[in-house]
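Protein sequence lines, in the order shown, are assigned to chains H and W.
Counting from 30, one number per residue, gives the positions in the first sequence under the working numbering.
Counting from 1271, one number per residue, gives the positions in the second sequence under the working numbering.
Hint data in this document are derived by calculation from the structure and do not stem from the laboratory.
Incorrect hints may have been included.
Stated by the list, open to error - A few chain W residues facing chain H, derived, Cβ under 10 Å:
no., residue
1, GLN1276
2, PRO1278
3, VAL1332
4, LYS1334
5, PRO1381
6, GLY1382
The C-beta atom is built at its ideal place from N, Cα and C for all residues, glycine as well.
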Amino acid sequence: GENVEQHPSTLSVQEGDSAVIKCTYSDSASNYFPWYKQELGKGPQLIIDIRSNVGEKKDQRIAVTLNKTAKHFSLHITETQPEDSAVYFCAASKYQGGKLIFGQGTELSVKP
Amino acid sequence: GAVVSQHPSWVICKSGTSVKIECRSLDFQATTMFWYRQFPKQSLMLMATSNEGSKATYEQGVEKDKFLINHASLTLSTLTVTSAHPEDSSFYICSAPLWTSEAYNEQFFGPGTRLTVL
């Protein structure tokens, strides 16, 4: 069935360093790959997304890359700040607006 | 951005009782909404797709008679946990995709409802 694997489960970095989170998906029909940030006790918030016809997308300190052949996509956060500390989830869907299959989550801790 | 609300934000109930959770799209219409369940320190697991005016579509392993979903209007979907037991204690989150004329369909999540069954 559909599955999304996410690594690492926890990630600790120093403020100013970069953080990279990787995901692998199983369903080759997936075409939409969003990343969400979830703070404790709150719902997920979209931080960046990418569609299958694009290899890379950047928004200020955040970037996402997609390798559709290998079924891999990654989140890159540069110049990390303490307020970046949260749980990050990758997800995959057949189309934007469709049901999402989430990865296991990565707890990012940015130490000042 | 668009807003999705949930009510209540938290609820405590006794084992065997039923609990209703509401999900509302406040400033847009949503013919489809999704319900997820999240256990502590775990991922979001899709429970069902709520369809306005028709039956919900449940994911494999989710008991439709236990988790009743009603999507009575274009802005409201409800999830009723019937005969709740302690193992149903979880964080329940809904989401709704925003359909625009540009076909950009970002999905907005509610703030979640914490259910504790004693």
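Hints versus structure:
1. At about 8 Å, the closest approach between the beta carbon of GLN1276 of chain W and any beta carbon in chain H falls short of 10 Å, and the interface hint on this residue holds.
2. Using the Cβ-Cβ criterion of 10 Å, the hint placing PRO1278 of chain W at the interface with chain H is not satisfied: the shortest such distance is roughly 14 Å.
3. Annotation: VAL1332 of chain W was flagged as interfacial toward chain H, and the flag is violated, the nearest CB pair being 13 Å apart, outside 10 Å.
4. The closest approach between the C-beta of LYS1334 of chain W and any C-beta of chain H is roughly 16 Å, which is over the 10 Å cut-off, so the hint fails.
5. For PRO1381 of chain W, the interface hint holds, the least distance from its beta-carbon to any beta-carbon of chain H being 5 Å, beneath 10 Å.
6. Using the Cβ-Cβ criterion of 10 Å, the hint placing GLY1382 of chain W at the interface with chain H is satisfied: the shortest such distance is roughly 5 Å.
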